[in-house]
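**Student:** Letter by letter, the chains look like this.
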Amino acid sequence: GNSVTQMEGPVTLSEEAFLTINCTYTATGYPSLFWYVQYPGEGLQLLLKATKADDKGSNKGFEATYRKETTSFHLEKGSVQVSDSAVYFCALSGLGNFNKFYFGSGTKLNVKP
Amino acid sequence: DGGITQSPKYLFRKEGQNVTLSCEQNLNHDAMYWYRQDPGQGLRLIYYSQIVNDFQKGDIAEGYSVSREKKESFPLTVTSAQKNPTAFYLCASNLGAGELFFGEGSRLTVL
Chain D
10 GNSVTQMEGP
20 VTLSEEAFLT
30 INCTYTATGY
40 PSLFWYVQYP
50 GEGLQLLLKA
60 TKADDKGSNK
70 GFEATYRKET
80 TSFHLEKGSV
90 QVSDSAVYFC
100 ALSGLGNFNK
110 FYFGSGTKLN
120 VKP
Chain X
513 DGGITQSPKY
523 LFRKEGQNVT
533 LSCEQNLNHD
543 AMYWYRQDPG
553 QGLRLIYYSQ
563 IVNDFQKGDI
573 AEGYSVSREK
583 KESFPLTVTS
593 AQKNPTAFYL
603 CASNLGAGEL
613 FFGEGSRLTV
623 L
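Just so you know, the sequences run in chain order D and X. When we follow this note's numbering, the leftmost residue of the first sequence carries the number 10, and every step to the right adds one. When we follow this note's numbering, the leftmost residue of the second sequence carries the number 513, and every step to the right adds one.
Taking beta-carbon pairs under 10 Å as the criterion, some of the chain X residues facing chain D (in silico):
1. Leu555
2. Leu602
3. Phe613
4. Glu616
The hints are simulated quantities; they were obtained by calculation from the structure and are not laboratory data. Glycine included, each C-beta is placed from N, C-alpha and C at the ideal position.
All chains, full assembly: derive it from the sequences and hints.
**Tutor:** Below, the structure is given as structure tokens:
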């Protein structure tokens with residue numbers, strides 16, 4: 010079946026550290042891949058996306074590359090800030106005749122000053 | 513500005529009561545969705561609707577009901593049959609194969 014697996018959190022980093030949050034997926038076909046961010050008590054916001062293999066999504070200093078050969082879409086940022094503290098969700102969609110989204114369980118990021 | 517509006521933001525329910533969560537969008541999106549989020553968990557799909565007057569059960573539809581009488585609106589009713597309704601509820605919409613847009617969420621607590 011289709012699924013998304015994310016690294017478990019929480020991830021705790023100091024400000025200006027390098028961030029990687031791993032995401033791998035299982036899918037029959039060629040899904041689109043997304044990263045969403047959720048701040049406390051709020052809904053999810055799209056952070057970035059990639060719709061085909063080797064595409065790189067980027068936004069606000071975050072990047073992720075769609076790797077078909079390793080079925081991965083790892084999120085990276087070169088220098089995190091305290092304001093990046095949130096929960097990050099990896100997701101896929103675009104399979105079958107219904108645009109169902111499959112979400113990972115989320116990874117909480119804590120950035121300390 | 514276009515977006516999705518959920519109300520109320522916080523809701524308290526006594527056991528045995530039905531409650532309805534509102535979701536309105538002005539994005540002109542065809543599809544709308546309801547998700548449930550429990551602490552430390554991912555999102556689970558309750559119901560979705562791809563067009564007006566049509567909706568489908570998601571993965572955890574038991575104890576919930578929806579309607580889609582207008583393109584802009586997709587209210588969710590949490591019925592007394594839902595045994596563990598305390599959760600954060602998220603409404604979303606999208607157009608075609610595009611990304612989901614989410615509302616700010618409604619937190620339901622059973623007293």
